[in-house]
Amino acid sequence: MSTAAPTVRVQVSTVRKRLDLVGDRALFGVCLLAALLAAAIILLVGYQIIHGASPAISKFGFAFVYETTWQPNFGEFGAGSLLFGTAVTSAFALVLGAPIAIAIGLFLTLLAPRGVRGVVGPLVELLAAIPSVILGFWGLLVLAPFAQAHIEPFLHGTLGFLPIFGRPETTGLSVFTASLILTLMVIPIIASISRDLFQSVPPELQDGASALGATRWEVVRGVVLPTTSSGVVAACLLGLGRALGEAIAVSQVIGAGSELQASLFKSGDTLASRIALQFPGALTELHKASLFYCGVILLVIGLASNLIAQAIGRRFSYQGATAR
Amino acid sequence: MSGATVPDPAAPLTPSGNLRRRQLVSRAAELAATAAAVIAVGALAIVVYTVVARGAKAIDLDFVFTGYPTGVGPMLLGTLVIALVATVMAMPVGVLIALYLTEYSGARGSGALRLTLDLLNGLPSIILGLFVFALLVDHKQQSGFAGAVALAIIELPLIARGSQEVLLLVPKGLREASDALGVARWRSVLTVVLPTALGGIVTATVLAVARAAGETAPLILASSVFDPKHFSVNPFESMPNVPVWIYKLSEEGNPEGFTEAWGMSLLLVSFILFASLGARALLARSKRKLSS
Numbered sequence: 001m002s003t004a005a006p007t008v009r010v011q012v013s014t015v016r017k018r019l020d021l022v023g024d025r026a027l028f029g030v031c032l033l034a035a036l037l038a039a040a041i042i043l044l045v046g047y048q049i050i051h052g053a054s055p056a057i058s059k060f061g062f063a064f065v066y067e068t069t070w071q072p073n074f075g076e077f078g079a080g081s082l083l084f085g086t087a088v089t090s091a092f093a094l095v096l097g098a099p100i101a102i103a104i105g106l107f108l109t110l111l112a113p114r115g116v117r118g119v120v121g122p123l124v125e126l127l128a129a130i131p132s133v134i135l136g137f138w139g140l141l142v143l144a145p146f147a148q149a150h151i152e153p154f155l156h157g158t159l160g161f162l163p164i165f166g167r168p169e170t171t172g173l174s175v176f177t178a179s180l181i182l183t184l185m186v187i188p189i190i191a192s193i194s195r196d197l198f199q200s201v202p203p204e205l206q207d208g209a210s211a212l213g214a215t216r217w218e219v220v221r222g223v224v225l226p227t228t229s230s231g232v233v234a235a236c237l238l239g240l241g242r243a244l245g246e247a248i249a250v251s252q253v254i255g256a257g258s259e260l261q262a263s264l265f266k267s268g269d270t271l272a273s274r275i276a277l278q279f280p281g282a283l284t285e286l287h288k289a290s291l292f293y294c295g296v297i298l299l300v301i302g303l304a305s306n307l308i309a310q311a312i313g314r315r316f317s318y319q320g321a322t323a324r
Numbered sequence: 001m002s003g004a005t006v007p008d009p010a011a012p013l014t015p016s017g018n019l020r021r022r023q024l025v026s027r028a029a030e031l032a033a034t035a036a037a038v039i040a041v042g043a044l045a046i047v048v049y050t051v052v053a054r055g056a057k058a059i060d061l062d063f064v065f066t067g068y069p070t071g072v073g074p075m076l077l078g079t080l081v082i083a084l085v086a087t088v089m090a091m092p093v094g095v096l097i098a099l100y101l102t103e104y105s106g107a108r109g110s111g112a113l114r115l116t117l118d119l120l121n122g123l124p125s126i127i128l129g130l131f132v133f134a135l136l137v138d139h140k141q142q143s144g145f146a147g148a149v150a151l152a153i154i155e156l157p158l159i160a161r162g163s164q165e166v167l168l169l170v171p172k173g174l175r176e177a178s179d180a181l182g183v184a185r186w187r188s189v190l191t192v193v194l195p196t197a198l199g200g201i202v203t204a205t206v207l208a209v210a211r212a213a214g215e216t217a218p219l220i221l222a223s224s225v226f227d228p229k230h231f232s233v234n235p236f237e238s239m240p241n242v243p244v245w246i247y248k249l250s251e252e253g254n255p256e257g258f259t260e261a262w263g264m265s266l267l268l269v270s271f272i273l274f275a276s277l278g279a280r281a282l283l284a285r286s287k288r289k290l291s292s
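Listed in order, the protein sequences are those of chains H and G. The working numbering puts the first sequence at residues 1 to 324. The working numbering puts the second sequence at residues 1 to 292.
I should point out that these hints are in silico values taken from the structure, not numbers from a laboratory. Don't take each hint at face value.
Partner residues aside, some chain H positions facing chain G, computed with beta carbon under 10 Å [to be verified]:
1. Arg16
2. Lys17
3. Gly23
4. Arg25
5. Leu32
6. Gln48
7. Glu125
8. Trp138
9. Gly157
10. Gly160
11. Phe161
12. Leu162
13. Leu184
14. Gln252
15. Gly295
16. Arg314
Derived BS3-like pairs (lysine-lysine); straight-line CA-CA distance at most 30 Å [unchecked claim]:
17. G:Lys57 - G:Lys229
18. G:Lys57 - H:Lys59
19. G:Lys248 - G:Lys57
20. G:Lys172 - G:Lys57
21. G:Lys172 - H:Lys266
22. G:Lys140 - G:Lys248
23. G:Lys172 - H:Lys17
24. G:Lys140 - G:Lys229
From a predicted model like this one, the values you see are computed outputs, not experimental measurements. Idealized CB from N, CA, C, for every residue including glycine.
Go ahead and model the full structure; you've got the sequences and the hints to work with.
Here it is, written out as structure tokens:
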């Protein structure tokens, strides 16, 4: 390649040097701009959502967060029941989904033979790839009737003395069905993160415990879970963030009720699904602003859970010293 | 007294008492973990089976290529255009962010930037819908472009993280060889580093597109009022698209609409599953090739 004579080479290199100086700065500048754009997007999103909500913020103030009346025709809005619905569905999804997901993580790292691991791992992650509108559609036509006909009557029959397992409705569109769909969405997130965590546990610790006569379960309880617990908590928080913000699938199966209900088998609504359901048909500015206000609440909760998860996760990765 | 502690040599070698209990507990835990994996895979299988079984009936050539009411061609075209516009916006920015992370930023800058990307990734998609509505739709009109902006924001952190992983795998030797020849940094980035990582970057992008193509929440606000007969390639008007149409049909409660929605679900799911499985396999291969 470099067969040029030395004299020519020097001549070229002065031009080239100047070009390189410009090129180096230009590439750095463009990269920096792209990085700043990412930060700007977050700020801009926050600004636009708060700006859109400002009429509702100035009209209702903080009372919006706990008031439970939502009557668009009378200009009365309060997100209390939506916040309640969001909390109930997300908590339910996490309580049911996290143990299953962590168990899947354990199965993939400790139990599954290599071949099974290579198949089941990607399959669990594919569950996260199914679009929420399709999962919601499936929930509406398949899961809701099944839950209404089989699961809800069973739970009502055996645990009906608890107010959360009230009398099933006729449609199956309920907080319960929505929670089940959210569970399906939360599982792959927590499972894939906890699998990665469990794989990072030093094998010599596990072998040591085994050599002392611990059974497999005792290795898990005594070594694997304690070394990864904070990371698992962070994974659960990330799953929670996903469940809080899911709008479409929830709006398809939750039945859009506006009252506070103790029973899981009644219809309800969440912040995100209320936005998806009512925004396209919202006529007054106040109605739209109130939905933006719901978005503000959602944004604050979502960012908070995400930040806490990152903080825990960072601390964990320093402690575990498994940085790549 | 000591006679009591001597074990019976003829007894079978099976654990008893405490050890037996511990082993049973361990066995039960193993079963539970396996059951959990079966539940998740089973749920996926049931969903996919339902979509295939009910959707296959709806699909034929007319379904793919003609407009409403015989087919869903406009929706497919619209989703294609919106995803394309989104990717054209997100891919360069994502790759540049990845370059910034791997080539330029110090430890502190990269920490802040990665946090930003994680936060972007964690934004609920309905929030992005509200955002593009406020920014691009309010007081104007709905447009496929507004939807594409939201999808681009969804794709951005995925492309950036994926590309960064691949860029980190580019062998040090290549960079050093280029430095030793006196090549300026920007030249070695553009002619050595990026081409080496290109395969991985493309697959990361495909994964991001697969994730964004089915997003419904932003499009409900950005591009939901459309004529399902009209083939449109103009992103500055409201474009028909698959996710919103599935959503509308599911809300209507009409059995024929349901069949149509299952058909579209099948097309969408098979695109997403093939794209993500294929991209995953390619990514694993190119990572292995780079790191070996």
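Pairwise hint evaluation, H:Lys59 against G:Lys57, where the allowed Cα distance is 30 Å at most:
violated (52 Å)
Quick one, is the H:Trp138 hint okay against chain G at 10 Å, beta carbons?
OK, holds: H:Trp138 within 10 Å of chain G, min 5 Å.
Restraint satisfaction for H:Gly160 [CB to CB of chain G, less than 10 Å]
Given a least distance of 25 Å, the restraint on H:Gly160 is violated.
Please check whether H:Arg25 passes as an interface residue: C-beta within 10 Å of a C-beta belonging to chain G.
holds (9 Å)
Under 10 Å is the threshold here; is the Cβ of H:Gln252 close enough to any Cβ of chain G for the hint to stand?
It holds, given that the least Cβ distance between H:Gln252 and chain G is near 6 Å, below 10 Å.
Take the C-alpha atoms of G:Lys172 and G:Lys57, compute the straight-line distance between them, and say whether it is at most 30 Å.
violated (53 Å)
Given the proposed pairing of G:Lys172 with H:Lys266, does the C-alpha separation stay at or below 30 Å?
violated (60 Å)
Pair hint G:Lys140 and G:Lys229, alpha-carbon separation not exceeding 30 Å:
Holds, at about 23 Å.
H:Phe161 as chain G interface residue, shortest Cβ-Cβ below 10 Å
Because about 27 Å separates H:Phe161 from the closest Cβ in chain G, which is outside the 10 Å limit, the hint is violated.
Restraint satisfaction for H:Lys17 [CB to CB of chain G, less than 10 Å]
holds (8 Å)
Holds or violated: is there a CB of chain G closer than 10 Å to the CB of H:Gly157?
violated (23 Å)
H:Leu32 as an interface hint toward chain G, with CB separation required under 10 Å:
holds (6 Å)
This entry does not satisfy hints 9, 10, 11, 12, 18, 20 and 21, going by the numbered hints stated previously.
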